[in-house]
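Engineer: So the sequence lines, in the order shown, correspond to chains A and B. Once you know that position 585 of the first sequence is 585 in my numbering, the rest is easy, because the numbers rise by one and skip nothing. Quick note, my numbering runs 1000 ahead of the 1-based positions in the second sequence.
FYI, nobody ran anything at the bench for these hints, they're computed from the structure.
In the DMTMM-like style, the derived pairs of lysine to aspartate or glutamate whose C-alpha atoms are separated by at most 25 angstroms in a straight line are:
id, chain 1, residue 1, chain 2, residue 2
1, A, K589, A, E538
2, B, K1111, A, E376
3, B, K1111, A, D358
4, B, K1106, A, D366
Simulated restraints on C-beta separations:
id, chain 1, residue 1, chain 2, residue 2, range
5, B, L1126, A, I379, 22 to 30 angstroms
6, B, G1098, A, I379, 19 to 27 angstroms
7, A, L246, B, D1099, 47 to 55 angstroms
8, A, D449, B, P1164, 49 to 57 angstroms
9, A, G509, B, P1164, 23 to 31 angstroms
10, B, D1099, A, R19, 42 to 50 angstroms
11, A, S293, B, D1002, 34 to 42 angstroms
12, B, D1002, A, K628, 53 to 61 angstroms
13, B, E1154, A, T193, 20 to 28 angstroms
14, B, L1126, A, D366, 37 to 45 angstroms
Computed, partial: chain B to chain A, Cβ under 10 angstroms:
id, residue
15, R1020
16, S1023
17, E1024
18, D1032
19, E1037
20, E1058
21, S1059
22, Q1064
23, G1065
24, D1076
25, V1105
26, A1107
27, R1132
Keep in mind the model is a prediction, meaning the values are calculated, not measured. Cβ atoms here follow ideal geometry from the backbone N, Cα and C, with glycine treated the same way.
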Amino acid sequence: MPSVAESLAERIDGLSELRQEVLLGNEAIARGIVESGCHVVASYPGTPSSEILPAVVRFKKELRLDTHVEWSINEKVAYEVALAASYTGKRAAVIMKQVGLNVAADPLMSSAYTGVKGGFVIICCDDPGPHSSQTEQDTRFFAMFAKVPALDPSSPREAKEMVKAAFELSEKHRLPVILRPAIRVSHARQNITFAPVPQLERLADFEKDPGRWAATPRFRYVLHKELNEKLATIEEEFEASEFNVLHEGEDNRLGFIAAGTSYVVLTDTLRELSLEGRFPILRIGTPHPLPQSLAADFVSGCDQVLVLEEPDAVIELQILDKSKVLGRYNGVVPSAGELTPEVVYRILAVQMEKLGVDLAPGIDPDELAKLVAGLELPIRRPRLCPGCGHRAAFFAMKRALGSKAIYPGDIGCYTLGLNLKAVDTCLDMGGAITIASGLYQAYHQDSEDVPIAATIGDSTFLHAGVPALASAVHNQARFVLVILDNSITAMTGMQPTADSGILADGRQGQRVAIKDLVRACGVRFVEEMDPYRVSDFETLVKRAREHTRQPDGAVAVIIAKRPCVLYDPTSLQENPVRVTVTEECDGCKYCLLAFECPALVLDEALNRVEIDRRICVNCGVCIEACPKACIVEAKE
Amino acid sequence: MDLKMILAGVGGQGVLFATRVFSETALALGYDVLGSETHGMSQRGGSVVSHLKIDGYESPLIRQGTADVLLSFDEDEAYRTLAFVRRGGLCFVSSPHGDFWDNGVKAYLTKNNIAAHSLAADEIALELGSPRSANLALIGYAVSVPEVRFGYDEIKATIERISPSRFKEVNLRAFEGGYGRKQ
Chain A
1 MPSVAESLAE RIDGLSELRQ EVLLGNEAIA RGIVESGCHV VASYPGTPSS EILPAVVRFK
61 KELRLDTHVE WSINEKVAYE VALAASYTGK RAAVIMKQVG LNVAADPLMS SAYTGVKGGF
121 VIICCDDPGP HSSQTEQDTR FFAMFAKVPA LDPSSPREAK EMVKAAFELS EKHRLPVILR
181 PAIRVSHARQ NITFAPVPQL ERLADFEKDP GRWAATPRFR YVLHKELNEK LATIEEEFEA
241 SEFNVLHEGE DNRLGFIAAG TSYVVLTDTL RELSLEGRFP ILRIGTPHPL PQSLAADFVS
301 GCDQVLVLEE PDAVIELQIL DKSKVLGRYN GVVPSAGELT PEVVYRILAV QMEKLGVDLA
361 PGIDPDELAK LVAGLELPIR RPRLCPGCGH RAAFFAMKRA LGSKAIYPGD IGCYTLGLNL
421 KAVDTCLDMG GAITIASGLY QAYHQDSEDV PIAATIGDST FLHAGVPALA SAVHNQARFV
481 LVILDNSITA MTGMQPTADS GILADGRQGQ RVAIKDLVRA CGVRFVEEMD PYRVSDFETL
541 VKRAREHTRQ PDGAVAVIIA KRPCVLYDPT SLQENPVRVT VTEECDGCKY CLLAFECPAL
601 VLDEALNRVE IDRRICVNCG VCIEACPKAC IVEAKE
Chain B
1001 MDLKMILAGV GGQGVLFATR VFSETALALG YDVLGSETHG MSQRGGSVVS HLKIDGYESP
1061 LIRQGTADVL LSFDEDEAYR TLAFVRRGGL CFVSSPHGDF WDNGVKAYLT KNNIAAHSLA
1121 ADEIALELGS PRSANLALIG YAVSVPEVRF GYDEIKATIE RISPSRFKEV NLRAFEGGYG
1181 RKQ
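Using the sequences and the hints, build the whole thing.
Structural biologist: Below you can see the structure in the form of structure tokens.
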């Protein structure tokens, strides 16, 4: 039998030796996590962060690591589970998208004071654009707010190295460290070289220290002073960090301070314009705390300094002498939206003209933009998939309650109920239930009885819906709540939910049933139904609405159960309902607007709806969508 | 090699897989690859654009007017992403309508010396009974054009290596079907 050392060496040898793979930025980050010997990894999925934990699972399985991985029920929970592991001296990481940190802001602020023991890294992915988020908020501001250091990678390769550096930094200063990849790092792909994965032997050892781990306000003052000292020391270290690089230039009339994706967009653009090496560039990889001497020296050596960073002005804000700074605060850099290569080019073009630097003329993008605008191409908005159970539920709800009802919605695929006019609000995770409660109270105060029907997904309900529902019931709100249960977290790439009982690594865990939780919140009207039964579902929604109007009525909950068609198409494959459109179709477009299945398309020449067989999944639900009964089951 | 490529289409058309075919091939040839993908909400039937830069780049994004090659699996998406193509660049569009371009845009293509090819990739894939392999047919067609500096054998080897086993056969046939349509 080989010794532990031998088998470990073999394992490292077999998997590390210059092996390269094209990895997604998020997978490279996962690789950095396992190459740091991290013991506990917790996350809640959200674009652009969702692929990190599954990649940790992949490496865990390949290398037979005993890393604990979990999809926690929300980001606050994930944060605290990982944090506690750090209390015991183990290395831990928590992963989320930027708005997830709003949910975990409470433990972030507090743990900055208490500090940590084992390395503790918060990986929080930003979404400048935004591409798939409700805000463009900058996580680096959270780092400033909480007084913790932040690292900002420019590429997948660097993100992997920064994960390791973040663990070292956290352990050295006993402080949470934020790694902030933006979407163009998380969803970039790059060839990555694998390094060996160490086994960090650390047995859990929680040392009681109430003055720290259970600090009362008096101790918190002491801890705050300690935090300030740590931050000052870290700033000094950052002055010499390998992640901050000065590139000399020959023309000091303009210098650039750039970070993250903006830095690499800048350097590629300058190279394309044959301006590589002309202007000095200070690249900042440690945006908080900003190494002040490094920044001040750079600024003093230039006539003007253009700051490029995303999505907000975190470095710019920290630069003390702003007299030479060009950035967001004086409108040189736009204050919303992504700094794409086109935006950076336009910013550069203005500055180059001022400096009298000629740029080689390129293709004129405006000319083509005008031509294409003239074509009036159909807007390709995201839509629910063919066969999606959410569409059936929304359609039945609208039929039951009409367009005067108010439909608070939530975050997930089903936000696309917007297209069906069955989603009127979308605030944040769990917002459907709280907004429904507030709307009810506002109308009820005026003795108005307005139908309110909220929708929330299964994962979102578990994330933030449970306290919202308990509070609504307790405060005697009355509305219909439809929990759209497709048995998976679909939008972010099919992560299992607590209701399914399946764990992050595929093993079976303990199931937490949504229906039981709803009952435990004090709801008396709880019904479950497959929304494919459109007419029955419509009747059920009407019954639920009636329940809310009875003297002893309250919140009525319907659980719409239908597995995501992308995740589990088996029932459709077993019982396909093949539909066809009859010649009586008069092209009224009702089905296209009210039902909006991508597989229903208007044949303009015939002025008749047709079925796009390439994408139709034979769910047969659209038979209900034609008021003139022109969509029928096809005869074999 | 120094190549910048845009791949465009609609969610579900296999834009990301097509991108992998090129990036894995480039890596196998020993080049650095860097690219950017669309994930999340847009994958639900929205526009999907993927950027791929081979050899010597730092940023994953391609600036408009600088791409060497555009591969679009949809006519409308070709119009939307054509602005990425540089003067003298190439574009390949999956279209059943042959020379589908609007006259104004056609003049733009001529003026900027952009060679536009189109291929009825959906038909080729449908004939093979695998509509989802249309992306491979367009890749095959593109590879048959000498200016696209990827060889038939190299790309074929990658498709063989990275296709899920149940699609391998049909993917290869779609690739060869597209390659065989060379002019």
